[in-house]
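Q: As a plain string of letters, each chain reads:
4 protein chains.
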Amino acid sequence: MEAYQISPENLPDLTIQRLTPCDITNPLKKTGIRFINDDASVAVYANSAQLQNYLKFKNTDQPPTFEMAGPREKIHFDPDKTTAAIVTCGGLCPGLNDVIRSLTLTAVWQYGVKKVIGFRYGYAGLSSNSLAAPIDLTPETVEDLHTVGGTILGSSRGHQDPADMVDQLVANDINILFTIGGDGTIRGASKIAQEIDRRNLDISVIGVPKTIDNDITGVERSFGFLTAVEQAREAIVGAHNEAKGAYNGIGLVKLMGRDSGFIAAEATLANSDVNFCMIPEVPVRLNGDGGFLETLKTRLHQKHHAVIVLAERLEITDIPKQEHTETDASGNIKYPDIGLYMKKRIEEYFTEKNVPISLKYIDPSYIIRSHTANSEDSAFCLKLAQHAVHAAMSGRTNMVISNWNQHFTHIPMALATTGRKTINPNADLWQSVLIATGSVVAPKHQEQARLHLLS
Amino acid sequence: MEAYQISPENLPDLTIQRLTPCDITNPLKKTGIRFINDDASVAVYANSAQLQNYLKFKNTDQPPTFEMAGPREKIHFDPDKTTAAIVTCGGLCPGLNDVIRSLTLTAVWQYGVKKVIGFRYGYAGLSSNSLAAPIDLTPETVEDLHTVGGTILGSSRGHQDPADMVDQLVANDINILFTIGGDGTIRGASKIAQEIDRRNLDISVIGVPKTIDNDITGVERSFGFLTAVEQAREAIVGAHNEAKGAYNGIGLVKLMGRDSGFIAAEATLANSDVNFCMIPEVPVRLNGDGGFLETLKTRLHQKHHAVIVLAERLEITDIPKQEHTETDASGNIKYPDIGLYMKKRIEEYFTEKNVPISLKYIDPSYIIRSHTANSEDSAFCLKLAQHAVHAAMSGRTNMVISNWNQHFTHIPMALATTGRKTINPNADLWQSVLIATGSVVAPKHQEQARLHLLS
Amino acid sequence: MEAYQISPENLPDLTIQRLTPCDITNPLKKTGIRFINDDASVAVYANSAQLQNYLKFKNTDQPPTFEMAGPREKIHFDPDKTTAAIVTCGGLCPGLNDVIRSLTLTAVWQYGVKKVIGFRYGYAGLSSNSLAAPIDLTPETVEDLHTVGGTILGSSRGHQDPADMVDQLVANDINILFTIGGDGTIRGASKIAQEIDRRNLDISVIGVPKTIDNDITGVERSFGFLTAVEQAREAIVGAHNEAKGAYNGIGLVKLMGRDSGFIAAEATLANSDVNFCMIPEVPVRLNGDGGFLETLKTRLHQKHHAVIVLAERLEITDIPKQEHTETDASGNIKYPDIGLYMKKRIEEYFTEKNVPISLKYIDPSYIIRSHTANSEDSAFCLKLAQHAVHAAMSGRTNMVISNWNQHFTHIPMALATTGRKTINPNADLWQSVLIATGSVVAPKHQEQARLHLLS
Amino acid sequence: MEAYQISPENLPDLTIQRLTPCDITNPLKKTGIRFINDDASVAVYANSAQLQNYLKFKNTDQPPTFEMAGPREKIHFDPDKTTAAIVTCGGLCPGLNDVIRSLTLTAVWQYGVKKVIGFRYGYAGLSSNSLAAPIDLTPETVEDLHTVGGTILGSSRGHQDPADMVDQLVANDINILFTIGGDGTIRGASKIAQEIDRRNLDISVIGVPKTIDNDITGVERSFGFLTAVEQAREAIVGAHNEAKGAYNGIGLVKLMGRDSGFIAAEATLANSDVNFCMIPEVPVRLNGDGGFLETLKTRLHQKHHAVIVLAERLEITDIPKQEHTETDASGNIKYPDIGLYMKKRIEEYFTEKNVPISLKYIDPSYIIRSHTANSEDSAFCLKLAQHAVHAAMSGRTNMVISNWNQHFTHIPMALATTGRKTINPNADLWQSVLIATGSVVAPKHQEQARLHLLS
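Chains as they are written, first to last, in numbering that gives the first Met the number 0: chain S, 0 to 454; chain Z, 0 to 454; chain W, 0 to 454; chain P, 0 to 454.
Isolated chain S (complex conformation) (with noise of 0.2 Å):
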């Protein structure tokens, strides 16, 4: 994931909040397990340009680095009376399950915490009007999760009271508790740990990252992207079948991605039947000249089919916003189906220009999110469980498990929350997507080139 960098102005400090005492022996010590020091850590900047652009703007001479996780030889938590919490929170992603059954396992298991207990139905669960009861999770519960897509906890979108929220984690004895989800549920997970603070309780919460869009900052890549990719690119071979089946068949696939257009690019990549990528973070014109509209015509009448892959929002260039954004009571913008409107607007265009085009619409929007998690993200939900376990019997807090240049790291919640993560049009995730769709191709060329995308 080489397409997005963390810009200087937006590192914040990257300490990681700890809760003292910490000198209880790990009983993992008379495994012979290998622990982690304290001061182990990882460099932000891999890349030599982007270290010495930090350097600079800081004027320091000292590389940034993460924290790297991992289980400690001290904690903080006596294992036998620390009862540990799980909540998820947001839209379904694969692997959810596998989360919460390896969160379950090792804390039990390995550390051999007293109870491990699920909140139902996200932050909702945790409220002091919650809908469903908490649930016992046990290793025989959990024992065969990862075998099911969604999350047995049920999951819910929206925020609660910080303060009553807290309540109800001192209400259920809650020592630890783990919060799954994306930069919302991150910054409300926030919330809870300054409350926490400014009640003086001994309470840690540890954000697991959870984003089918792999759009949080500082985590490389988060459960669940890479089987959203896998089942885009079923939906993609079915669009291009489609395309191919009829005289200018047209397949249009509308996937994931409000704010970064991981997904659709690395489909894109994963699948070579694309002609068209479009993303949040690159511009496109429609009409004209040049415009998308236009060049999709020349694509047809050269090959009598296309292919169009679609981010869940885009910044089109020469339609102004309101055509395709509404804003809601709250003055919040509120986003038509992107997928849809852009159905309508290559209709009318094909049909103004009397060319009768056949158009096949694909949302795999939910048989996506609620998929099982595949082999790579199944292992991933179970490493980044483990490590959210160690960080959390150790007594940090306010932090976020993640990965970065081969190693599972802390980041304080601050970094999570702060922007999204984007593709850089620049770098190479990008680019790869315009040679790959024949965006760019060499100048002899041009005339037969499969496709061109526009800014």
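Check before you lean on any hint, since a few could be wrong.
If several chains are the same, the list does not tell them apart, and a pair holds so long as it fits within one copy or across any two.
Stated by the list, open to error - DSS-like cross-link-like pairs, simulated, lysine-lysine; straight-line CA separation at most 27 Å:
hint	residue 1	residue 2
1	Lys302	Lys114
2	Lys302	Lys29
3	Lys320	Lys114
4	Lys343	Lys29
5	Lys114	Lys443
6	Lys320	Lys113
7	Lys114	Lys28
8	Lys320	Lys443
9	Lys296	Lys352
10	Lys443	Lys296
11	Lys443	Lys80
12	Lys73	Lys443
13	Lys28	Lys443
14	Lys302	Lys113
15	Lys80	Lys113
16	Lys443	Lys29
17	Lys302	Lys57
18	Lys55	Lys80
19	Lys342	Lys443
20	Lys113	Lys443
FYI, nobody ran anything at the bench for these hints, they're computed from the structure.
Fit chains Z, W and P to the known structure of chain S by using the hints.
A: Only chains Z, W and P this time, still in chain S's reference frame:
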């Protein structure tokens, strides 16, 4: 892949050899593609402790870096006069056809090279007594290659005389040779590059590293590895079902990995049914108190079924090597099938102990090797191939395309052939396996532990 | 597929029309292949009650039979002088390319016909104002077709003038026309055959029945149907995970089936997560006491999630048809998207009842239609195509290849276009659905019943 | 499955044995479910020639029929007092858990039986020296069983004393015993039923036929078979890729099928890469002019790769049986691994001929057997199990649930154990294989034929 490191003593000069001059303007310039500067670089060590260790060892304050991959503004080869050739060597690996396809498409479409050919059946096809003539590779012939496993070019093992192979390159007017293969292949490619150098020929040799075992030094992840893990998981699921389907059922799965247990370890983490995972890097004792066989007996006594995953070679501490390795006529070590060996030992042990078992042995090797690349590997092959073409066109030679710390990199063939990348038993990956298989557990759960692995 | 029957009044004369003479020795004779006698036949009614019903209705004691398919010792067409043509019509269906491939291979390899061509984009390609010229189909071009979904020939809907199409057949020297399509296509093919007959031309027209809905009379199972069920199951699994992932979560899946609910019913049985299955054959009442919406509310109250599967059209008893069907300019009924209609009704109902729900709508149609054939469909397509070639070469015409009671059969086009095959709600298949969805349960479990379907 | 027939001489009395009285009203009556009349029946012979043959042989004009399966209005067992038991025997087969699940759900939910238990590890668990106690099967414990391969009950091979087993049934208060297994299991079940009869006990014994080989007489298709074909196809695709990946590459796949080659034949048709398919029903000659080995040499000479599919046992005409079969202590024939035997013979032959080959052997047996049921098998298992419960509750015994000519049927255990169902080499299925593999081709293509199979 945090589980390994490059030790300072193995790190050769990382400068990449180049053919000169390099003064032709890249035909992609007009397309607006972003070029990479020649001094762009990526840190070898993101782990701070490893970096300190290196700096101390080399007595320097210059962190080592890899050259960054990507298209260059000035190139060495005039596309109109350039013929590229591809050869695939060694055992099958998911993604071979993806690489062939993308090398061809990028060379032809983006750079406009004159011609791409493929030598048949490995280095044998590059020798004067080749079994089959090379074939033309065009956009049309490679278009759907990614939907098929194996290699359209055929492959073979074994070496050929470098001088003879260079003769064939000259005879075929080859300017660029892409070799897709493992460390033996890279060693051969390096000899070809050296012979070219000696003869002062204008031919670039670029390696695309292929190792289903993921064991090439300096390569963070090799293509086909994730697909192998995915397919290995399928086999383990089957083994688990077979094991549970019989009283004292044992499912024994042998996976690839002669020197490195990456597939076995990662598949164990991707699947939560494995009780014993054994790899070459971690010695195993079979007999005696606390030995593997006794622990297996305990496991069966507790649960009446067990799943065992083996890599292709094991370090067995209490069995003379002669019993499970042989030497061939030339004195080379010949390993027996460790899976069949362990099957026999397990059956003998339980016969002797008069404990009835039902052991099912699964060797999924060829099903795994011949599989099509999964989506992540498919996208990865495409990127590797694009970067290999960029490197070649810019006149780089005697190097291998790699990926490291979020970037694509150039590494000298000398690094890729410096010993194998192996799992560090003290680092992350293996420690996660120990936790996941229950080999380490809180003392209070020792009795119910699902399994134990021994060294 | 025991769920339907052919009613005696619909059974036309089952004699198959033949071109004469039929005196050329089958070139396969020398190979030792076994030939089928022309009087070999298969019982229409295996069900004794149905047979009695027929005999009584027709006042006969002769059980009706289908002609058995298979190679004949004497054939009508001289292979060396025979050109065959293939056309695919209507929506995509898994297996189209398998049929094209096997028709071509059998015609060329086994019979040695001179040439096979494919008309492009359905009957439109067979008209004088075709959009694209026909393409040659050779063993080389079709070799790997079975690995790709869709149809290499392209398809279209809609009719063409039979006289014009026969002109094109003559102009292209076609002796055999294979039409792959549903009942509209077969109707068109029959008109072509009648026009051929009228002109006294020596051209055979053979239909390979294609209907993803499995709704052609006289055809026990149509190709692509099992693949459709398999893919539908995937979508339902996703819907179930989405439903469980939210408080009062509802997963709503719309499947193919305008007149017949075979896909919805069979996918419901293939998946044990469906609570409500609705098909065109079984009327549904939405409102009121014991209506669908109230029962859904009860289900949510009990379990807090529900999975609903709909076929493409429903018979809603308490809603005026105008509300969910339209009439186009020509007076043809235009069905709205029943899935979106039901989504709206459900959301309105629960809004009114002030019950929060989270409904996720999945429409997997194009993903299903464009899929490659699964193994059973692939084998089935191959057999159908082989038998279609045998039938054509023997001079049969105006018929469709079918399968019935364990044998491949010849059925007159007149039968295949006699109304639709539909699910008999009183027979096996639907009764199994009622049991599997818990619509019928022992009275003592009525309270906990998982769901109820209403008529 | 048109490839076999039931010969008249093997057809026993088809009357189904019943326990009396049968006067309890089916609890489903109130639900409006449709009941099947006791005289509903299905024709044994749909093929007119087979029917004529039977009528002549038996000198009768009464076509033979099977009793139709389905719920009866009057039943024998009072649900409130009924305990049912399930046992699974023999090797794993996809769908075992589906059957267990659906038997349990239908018995509990629809009929309201008191209790369902499962005996562990086959008939061994039904004996007085059982290795493990039976377990309770409730809707909760079986709910997700269909997502897992294997059998939750465990299985074993081998027989037990019928008297002892009946003692255990009595000791456990069992009223209905469902046995899921192949012809050995059915033979055992029939002995249990006879012993019950002898003792005049009120226990029904119903078999659900399980044979991955699809070789039980009177059973049109057995569950798990389609899944086996699907997985076998995957292995063949791999073998094909391995074969093409080497000069004179040979992919050799051994599939299940000791007496009947259904899996090998159907997988060959589902996959278009097979050049040689060998099954027990069709004798093969290895050596000499036109023998298999010579033909393989010709094939390699033409194409340089070949794919061979073998069933588990072959009839080799020119090799003394002793060479490839053994006899064990009790005089039973012990077959060696035919795959390894053929591998050796092929390698020896080409060594002798001095032709270099590269043979890859794939034995996917346990991966296939342990797989979850595909959607069609899953739906089929559900239907079989529902009908088995209907049959049992109505007091039927000593019978097996089957499917035939589009209907579910009851067949006497005596029929199911009357020899094996095998492929008729003169009928449809095998003739399609001959065509698909190019074993028969038009004389003019003889030279280029893709392959030849010999007998």
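Q: The structure should be examined with respect to each hint, and the outcome stated for every one.
A: For each hint, the structure was consulted:
no., hint, in the structure
1, Lys302 - Lys114, "between (62 Å within a copy, 24 Å between copies)"
2, Lys302 - Lys29, "between (67 Å within a copy, 25 Å between copies)"
3, Lys320 - Lys114, "neither (51 Å within a copy, 47 Å between copies)"
4, Lys343 - Lys29, "neither (65 Å within a copy, 33 Å between copies)"
5, Lys114 - Lys443, "between (68 Å within a copy, 14 Å between copies)"
6, Lys320 - Lys113, "neither (54 Å within a copy, 46 Å between copies)"
7, Lys114 - Lys28, "within (21 Å within a copy, 48 Å between copies)"
8, Lys320 - Lys443, "neither (38 Å within a copy, 59 Å between copies)"
9, Lys296 - Lys352, "within (9 Å within a copy, 49 Å between copies)"
10, Lys443 - Lys296, "within (21 Å within a copy, 47 Å between copies)"
11, Lys443 - Lys80, "between (72 Å within a copy, 14 Å between copies)"
12, Lys73 - Lys443, "between (65 Å within a copy, 18 Å between copies)"
13, Lys28 - Lys443, "between (66 Å within a copy, 13 Å between copies)"
14, Lys302 - Lys113, "between (64 Å within a copy, 24 Å between copies)"
15, Lys80 - Lys113, "within (6 Å within a copy, 43 Å between copies)"
16, Lys443 - Lys29, "between (68 Å within a copy, 11 Å between copies)"
17, Lys302 - Lys57, "neither (53 Å within a copy, 56 Å between copies)"
18, Lys55 - Lys80, "neither (48 Å within a copy, 44 Å between copies)"
19, Lys342 - Lys443, "neither (33 Å within a copy, 52 Å between copies)"
20, Lys113 - Lys443, "between (70 Å within a copy, 11 Å between copies)"
Going down the numbered hints, you'll see the structure goes against 3, 4, 6, 8, 17, 18, 19, while the others check out.
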